[in-house]
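Make the full structure from the sequences, and use the hints.
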Amino acid sequence: MVNDLSNEATNRLAQELRHSGALADLFARIDSGEMELTGDGGLIPALIKTSLERGLEAEMTSHLGYANGDREAKGASGAVNSRNGSYQKRVATEVGPVEVSIPRDRDGSFTPRLVPKGSRRLGGLDDMIISLYAGGMTIREIQWHLSQTIGTDLSHETISNITDAVLEAVLEWQKRPLDEFYPVMYLDAIRVKVRDGSHVRSKAAHIAIGVDMDGVKHVLGIWVQNNEGASFWASVCSNLRNRGVADVLIVCCDGLTGLPEAVEATWPKTIVQTCVAHLIRASMRFVNYQDRKKVSAALRPIYTAVDADAATEALKAFAASELGAKNPATVSTWQSAWDRFTPFLEFPPELRRVIYTTNAIESLNYQLRKISKNRGQFPNDEAAVKLLWLGICNIEDKRATERQRNKGKRGKNRKASGRLIQGQVTTNWKQALAQLAIAYPDRVNPHIH
1 MVNDLSNEAT NRLAQELRHS GALADLFARI DSGEMELTGD GGLIPALIKT
51 SLERGLEAEM TSHLGYANGD REAKGASGAV NSRNGSYQKR VATEVGPVEV
101 SIPRDRDGSF TPRLVPKGSR RLGGLDDMII SLYAGGMTIR EIQWHLSQTI
151 GTDLSHETIS NITDAVLEAV LEWQKRPLDE FYPVMYLDAI RVKVRDGSHV
201 RSKAAHIAIG VDMDGVKHVL GIWVQNNEGA SFWASVCSNL RNRGVADVLI
251 VCCDGLTGLP EAVEATWPKT IVQTCVAHLI RASMRFVNYQ DRKKVSAALR
301 PIYTAVDADA ATEALKAFAA SELGAKNPAT VSTWQSAWDR FTPFLEFPPE
351 LRRVIYTTNA IESLNYQLRK ISKNRGQFPN DEAAVKLLWL GICNIEDKRA
401 TERQRNKGKR GKNRKASGRL IQGQVTTNWK QALAQLAIAY PDRVNPHIH
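Taking the UniProt record's numbering, the leading residue of the sequence shown gets 1, the next gets one more, and so forth.
It is possible that some hints are incorrect.
With a Cα cut of at most 25 Å, we get these calculated PhoX-like pairs of lysine-lysine [stated by the list, open to error]:
hint	residue 1	residue 2
1	Lys-203	Lys-175
2	Lys-49	Lys-117
3	Lys-203	Lys-370
4	Lys-193	Lys-203
5	Lys-89	Lys-49
6	Lys-193	Lys-430
7	Lys-430	Lys-269
8	Lys-326	Lys-294
9	Lys-294	Lys-316
10	Lys-117	Lys-89
11	Lys-193	Lys-49
12	Lys-326	Lys-316
13	Lys-373	Lys-203
14	Lys-293	Lys-316
15	Lys-326	Lys-293
It is worth saying that the hints were derived from the structure and are not from the lab.
Put into structure tokens, the structure is as follows:
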């Protein structure tokens with residue numbers, strides 16, 4: 001809100017200056033090519049230089065206790081220390097390099113905050129680099145982009161170090177405390193290529209989304225799978241348990257090997273539900289294109305059955321049909337996943353719609369694939385997690401900005417995307433929660449406030 005008010009004030013001031021005619025001469029010089037806005041020698045870098053030097057002078061005044069040239073104040077304060085000229089420092093900014101005069105004092109105790117010692121970049125440039133990286137640009141693409149647009153040449157190592165600076169924030173996010181209870185948790189993955197010694201391996205980056213008691217979805221964590229099976233999932237479940245997750249009603253996933261055993265060991269009462277949408281797609285994988293619509297219609301009675309017995313009869317009927325005989329792999333896929341599919345049939349329609357699919361993650365993964373597609377490979381697992389985390393933050397920031405622009409417009413004129421994950425409320429959640437409270441009163445009711 002503060003930023004919005006600041007932006008409004010800035011825009012209002014710019015419009016007032018424009019209408020007053022005070023900027024007419026400036027505009028004429030820009031139009032004639034006599035003056036550039038950005039880059040070396042540009043107007044905006046000059047304004048930044050002036051503002052920084054004014055701020056640094058104010059810092060020095062605060063440090064010494066008297067203004068430059070104010071001998072009476074200096075004598076009254078009894079100050080021993082005094083100004084000792086300045087030195088030039090070239091810093092990279094969002095609009096190009098700027099040469100700044102840094103004031104000095106005689107005893108060397110002055111520590112500037114606007115342009116810290118040892119710093120060669122202003123903070124805004126770091127934010128720009130991280131934003132470009134989160135948007136999917138590689139380090140070398142960022143390097144070229146900065147050189148071409150604002151004339152700032154940064155080394156590959158410098159840009160890499162800037163993006164690595166967010167690793168601490170990622171680590172903090174991965175270890176943050178979680179809610180004690182999540183009625184529903186979704187698990188899904190995207191494939192990333194990670195260098196492992198002299199080889200490049202395709203790994204699964206698993207993302208967990210928890211639905212809290214208010215129906216709000218939250219990304220709980222990102223884990224890159226180093227090994228197959230129960231040992232990996234045991235570590236994931238242990239991580240969630242250690243961060244405060246004491247109970248989960250339903251974990252919805254895509255038949256992940258070893259996950260059911262790890263979940264049962266961590267939360268014994270939790271139901272592991274195979275994603276029905278994934279199961280349907282997997283069973284259609286080997287069906288001829290011309291038969292797909294027929295097979296899809298024939299499978300519908302299975303997952304819309306009123307209970308497990310009716311679903312069993314529907315599967316038997318499909319297996320005995322001409323389509324079933326023609327597609328034995330489809331029948332086999334359903335039979336193999338049957339034990340993890342049937343819990344779905346115990347729930348009423350309102351709750352079935354919530355756990356039917358992991359689409360909540362799939363829509364997120366679609367956005368993340370667009371960001372990560374430029375990466376041929378990642379140097380390590382941490383780099384993959386860093387980009388995915390930044391990608392999630394970037395997607396949410398973009399959508400929040402779009403929603404802010406659409407604020408106040410009529411519904412039909414709003415074109416902004418809704419929240420992707422953070423803060424998005426699950427559809428029909430109130431009805432689903434009511435059904436869960438009836439089915440599991442001893443586990444749900446203590447968490448209803």
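We went through each hint and held it up to the structure:
With a C-alpha separation of about 22 Å, the suggested pairing of Lys-203 with Lys-175 holds against the 25 Å cut-off. Only pairs whose Cα atoms come within 25 Å are accepted, and Lys-49 paired with Lys-117 is accepted, the gap being roughly 17 Å. Of the supplied pair hints, the one linking Lys-203 and Lys-370 holds, its CA atoms being roughly 17 Å apart against a limit of 25 Å. At roughly 6 Å between alpha-carbon atoms, Lys-193 and Lys-203 fall within 25 Å of each other, so this suggested pair holds.
Between Lys-89 and Lys-49, the direct Cα distance comes to roughly 11 Å. Compliance with the 25 Å bound is thereby established for this hinted pair. For the proposed pair Lys-193 and Lys-430, the alpha carbon gap of about 40 Å is over 25 Å, so the pair is violated. With a C-alpha separation of about 23 Å, the suggested pairing of Lys-430 with Lys-269 holds against the 25 Å cut-off. With a CA separation close to 12 Å, the supplied pair Lys-326 and Lys-294 stays within the 25 Å bound.
With a CA separation close to 17 Å, the supplied pair Lys-294 and Lys-316 stays within the 25 Å bound. Using a Cα cut-off of 25 Å, the hinted pair Lys-117 and Lys-89 holds, with the two alpha carbons roughly 10 Å apart. Proposed proximity of Lys-193 and Lys-49 is contradicted: the alpha carbons are some 44 Å apart, above 25 Å. Our distance criterion of 25 Å between C-alpha atoms is met by Lys-326 and Lys-316, whose separation comes to about 14 Å.
For the given pair, Lys-373 sits about 14 Å from Lys-203 by alpha-carbon distance, which is consistent with the 25 Å threshold. For the hint pairing Lys-293 with Lys-316, the CA-to-CA distance comes to about 19 Å; that is within 25 Å, so the pair holds. Between Lys-326 and Lys-293 the CA atoms are separated by roughly 14 Å; this keeps the pair inside 25 Å, and the hint holds.
Consistency note: the structure conflicts with the earlier hints numbered 6, 11.
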